[in-house]
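Chemist: Chains Y and W, in that order, are what the protein sequence lines are. Following the working numbering, the numbering of the first sequence begins with 1 at its first residue and continues without gaps. Following the working numbering, the numbering of the second sequence begins with 1 at its first residue and continues without gaps.
No wet-lab data here; the hints were simulated from the structure. Any given hint could be a false lead.
Note that the list lumps identical chains together, so a pair holds whenever it fits in one copy or between two copies.
[Unchecked claim] Calculated pairs, BS3-like style, for lysine-lysine (alpha carbon to alpha carbon, straight line, at most 30 Å):
id: 1; residue 1: Lys355; residue 2: Lys268
id: 2; residue 1: Lys423; residue 2: Lys263
id: 3; residue 1: Lys594; residue 2: Lys452
id: 4; residue 1: Lys309; residue 2: Lys52
id: 5; residue 1: Lys309; residue 2: Lys221
id: 6; residue 1: Lys81; residue 2: Lys520
id: 7; residue 1: Lys271; residue 2: Lys81
Protein chains: 2
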Amino acid sequence: MDIQGLSASNRHPQDAPYVHKVGLPPKQNLFSEFKATVKETFFADDPLRSFKDQPGSKKFILGLQTVFPILEWGRNYSFAKFRGDLIAGLTIASLCIPQDIGYAKLANLDPQYGLYSSFVPPLIYAFMGSSRDIAIGPVAVVSLLLGTLLQTEIDPVANAEEYRRLAFTATFFAGITQATLGFFRLGFLIDFLSHAAIVGFMSGAAITIALQQLKGFLGIKKFTKKTDIVSVLHSVFASAHHGWNWQTIVIGVSFLSFLLAAKHIGKKNKKLFWVPAIGPLICVIVSTFFVYITRADKEGVQIVRHIKKGINPSSVNQIYFHGDYLLKGVRIGIVAGMVALTEAIAIGRTFAAMKDYQLDGNKEMLALGTMNVVGSMTSCYVATGSFSRSAVNYMAGCRTAVSNIIMAIVVFLTLEFITPLFKYTPNAILAAIIISAVIGLIDFDAVCLIWKIDKFDFVACMGAFFGVVFVSVEIGLLIAVSISFAKILLQVTRPRTAILGNLPRSTVYRNILQYPEAAKVPGVLIVRVDSAIYFSNSNYIKERILRWLVDEDDLVKESGQTKIQFLIVEMSPVTDIDTSGIHALEELYRSLQKREIQLILANPGPVVIDKLHASSFAQLVGEDKDLPHGC
Amino acid sequence: MDIQGLSASNRHPQDAPYVHKVGLPPKQNLFSEFKATVKETFFADDPLRSFKDQPGSKKFILGLQTVFPILEWGRNYSFAKFRGDLIAGLTIASLCIPQDIGYAKLANLDPQYGLYSSFVPPLIYAFMGSSRDIAIGPVAVVSLLLGTLLQTEIDPVANAEEYRRLAFTATFFAGITQATLGFFRLGFLIDFLSHAAIVGFMSGAAITIALQQLKGFLGIKKFTKKTDIVSVLHSVFASAHHGWNWQTIVIGVSFLSFLLAAKHIGKKNKKLFWVPAIGPLICVIVSTFFVYITRADKEGVQIVRHIKKGINPSSVNQIYFHGDYLLKGVRIGIVAGMVALTEAIAIGRTFAAMKDYQLDGNKEMLALGTMNVVGSMTSCYVATGSFSRSAVNYMAGCRTAVSNIIMAIVVFLTLEFITPLFKYTPNAILAAIIISAVIGLIDFDAVCLIWKIDKFDFVACMGAFFGVVFVSVEIGLLIAVSISFAKILLQVTRPRTAILGNLPRSTVYRNILQYPEAAKVPGVLIVRVDSAIYFSNSNYIKERILRWLVDEDDLVKESGQTKIQFLIVEMSPVTDIDTSGIHALEELYRSLQKREIQLILANPGPVVIDKLHASSFAQLVGEDKDLPHGC
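Chain Y with its partners taken away, still in its complex shape (with noise of 0.2 Å):
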């Protein structure tokens, strides 16, 4: 039989002229090609494209815009998006000041400087960040990480001075984290914390930290320190008999009752977003007053008792720059760092695909970053961006970053003026906040949709989701993170290959598990190999593409059809080879000629053709065999 059957032109003697010769690019030169690659990596956005063809003073607005988009966003401000900013900043700060003192405890910290943290952070970012719908502060998870992270290294009841000068360390290294990831155009890595693994993650973490709040919700005094399921559940039944107290149980109900009652009414109809938005500052209020009235406090109702009057006090003294701390410091820092950077950048993206803008995952790191570390130095502990409060901030018709600044004007005033009034705020109230809060974060049709669409991506997300409520956030993290390796390391050594046929009547191939109609070519095997050949799957594919032709032997034995006499692998999607896949191509090459079968590369990439060249491949297969076309 002969080859030249195959293509496409003798078969349609009619079609003569579709007939090309593969293409081979220009040959660029080695700095030509270092730029591309490297702008490919680090500038995939292209984000000097507004720098083009401008003069030298325009370059330096611009460059003073990129780094503080306020400078542009700044100049078309008007009356009509600061009443948006306006209410929405307003409604975003009732919610946070109730979350902030709740978080605050999360982290082992006192109340004051959970509000701390929603007062300088949210400045910083306005200026800053590019996303118009983040809402800057403390969060859930976060807090809580960075609490049990800090409180094996120093306890923070009898060392609370430490522990506080550990926390502002660590948040300092998780600011310098972000703002370098940032600034080395490093961004892309945290796309490697799958989405699965993050939905696990954080479900995990808001049961976790729902049953963390049994201490302040049933009133019991005694708690464990470990966030784990059983030592808790444990630690809560244990104390069922003398611990629990009724008169906190019964506030924490109520007003728990009320804030999911406020949350369904939120859901149904989305014109009243602002009934859960202020659901907790109601429930401070008149929690408070009636605790205040009833003096509940003597019969055993725990109350917040003090809140540190006046705004952030100066804490760069404060910061470990040496001694054992500082290393402790900066592994805490990294790991909350990179938590807080990958919640506030799917925050960010999933509003910005919203509304249909870009966001820069790397500027915005860099502003993150410096935001946390002006914090760490203002007394703040890791600030990020927050689910529940972006997603009300967006609801409640923000425009720009603006709102964020009234936030932090209403916390300001909240910090100077009335601290004194939580004073008998109890902490039950706080508990069924945080809890209300939280269960947002359980996102079981994300765990539904996950099982449906991709099984490895399920058990990423069981894994992280387990991990996290039967052993600790951080062992949580871990299998989040292993898992989303394995996947990756499973595609790069195990791509897919595909027997492809002709379908009738025409000339294209097709791989024919897909589409059964599709005939192979008698005498001919046609593999498609669906990935660029590298040195972690290069000797797969070999092996891969002899077992194909194996498979297919035994089954032209069988029916008696013609031996295969040619095996053509499609290199379409093959976009790169490197060294060790010419080596392989050579020894496939080699395992053929023994077998007298001829080889055939089918349409390789410019790139393939390139490097085929550069080796000797491309003379010990013939050039006029290895460059076919038509399939």
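Mind docking chain W on chain Y? Use the hints.
Modeler: Same frame as chain Y, now just chain W:
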């Protein structure tokens, strides 16, 4: 413009039957899907093929043959084969004896341990290994690696006994590592060290080893323990005035010249392969006799002095199974075991490809692992396949692993009877033998080829090379692994995308950069994504496609053509997609909707279709729109 105009059927009405609906393969159930994935991942080479449709007793015999391939090939063993094996075995024995003595010194062990390691491991391998050409024993690179790793833990001179025990412990765990990888079919893990990194690492190690030999070659007494080129050369020239021994240098230089000349002869005329093979033994005999006659050892020529007579003593009790040294032994064992494995598998595959037989990497690892575990109990240190001796074995016409048995018998006789004769062998000769052996590891041609083919590979190669030469063997190895991983990460985060155009007078669409004659269709942008869409690249792909669109819009504006109305994403190379990928597509869809551009997914693969249907995306885009055909 009508989107149907794009489909080939409307362009060429005479080809009407050309249109095929995109195939949707029968849905697999969860278990069979899982089974297929596991099979492709861990049993890609289909090792159970021969077991299919066999009765139980036959299966047992086949299973036994799988573990001990000698039972299979031994039954067809013939005198003709034995003649080849005998000659090859004697040749590699004559080469291995002097090398073993020298390599043992690289590992800071007494000379007899090198010989021990050429006795037991080759015997075990002959029964369990499936390579016919590999020659087993101690090798230069692993000896050096083991020596440097061990001496950072224990001083080999002051605590010789403990040093030896740690060496056996490391060997034991190297074997366990190898056997475990093989047993759990994780052999693909060694594919993560790229060919280029190995070339660089080996060349660097060769230079480091050659430099180490300057001690014996120049007769220097005080020598640095470091292995980097700066320390070694400083050590060499600092002792130039009083530390060099001219008699030693004369002996060394003359015999090294002889060995290099022999090597040259062997290279020129393949039939004279035995000249370089027995050269070392001749050197040893002549020089030993010469030193014995002239009593040159009294002139400062250092000699071997003492090799213990008798075969391997048991060392079972010497392995550390608890205590501090256990963990250190495990760590060193894992590193040394992986490097030894990489070398052995690379050799095995090379020769298997030359003679066209299949090598089961996992089975091979099990054999190598077992051999090292048994070796560690019989006073051997890590043995593996040697590049130089395997090449000699192949050229001497070996047919089966019996040549290893012959070699082991010769080593046994040597240990039993003639070790005392090595007393007067000058160290300079061993140094000359090692230098002439490791020179072959510097593969300059391969480096040139790597430079020509793939610049990134070249960076990996040079990184490993300079790491070994200027810092240490471990650092070189670390650099090699890191760069290999960086390449994988780059591959999965930055897949290629291409703009397709229609080839004139055809229904085929190709990359317009590769085929300048391919014409874009006005109002339509066709982008091909050349990779599975996973969490690690989903954001990049989305943003890259949007960037193609912006670029295209600019072009269109300049030339005043039809505005882009349709974006076709050619999905045939997209073999898989996960939840993050579907999210990215949804975001892309929404962005395009805002710009009034219709998104069309062309020709997705079976897995992708399944998943698009499982998610709500197929409904979102519309069934008829997401599955056109003909690109």
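Chemist: Give a verdict on every hint.
Modeler: Verification of the supplied hints:
With identical chains, the CA atoms of Lys355 and Lys268 are at most 30 Å apart within one copy only, with a shortest distance of 22 Å there and 72 Å across copies. In the homo-oligomer, the alpha carbons of Lys423 and Lys263 lie at most 30 Å apart inside one protomer (27 Å), although the nearest pairing across protomers, at 90 Å, exceeds that limit. In this assembly of identical chains, Lys594 and Lys452 lie within 30 Å of each other by CA distance solely across copies; the values are 29 Å between and 46 Å within a copy. When the C-alpha separation of Lys309 and Lys52 is checked against a cutoff of 30 Å, the pair qualifies neither within a copy, at 51 Å, nor between copies, at 79 Å.
Taking CA atoms no more than 30 Å apart as the test, Lys309 paired with Lys221 passes inside one copy only; the shortest distance there is 26 Å, against 75 Å between copies. In this assembly of identical chains, the alpha carbons of Lys81 and Lys520 never lie at most 30 Å apart, being 64 Å within a copy and 42 Å across copies at closest. In the homo-oligomer, the alpha carbons of Lys271 and Lys81 lie at most 30 Å apart inside one protomer (19 Å), although the nearest pairing across protomers, at 88 Å, exceeds that limit.
Consistency note: the structure conflicts with the earlier hints numbered 4 and 6.
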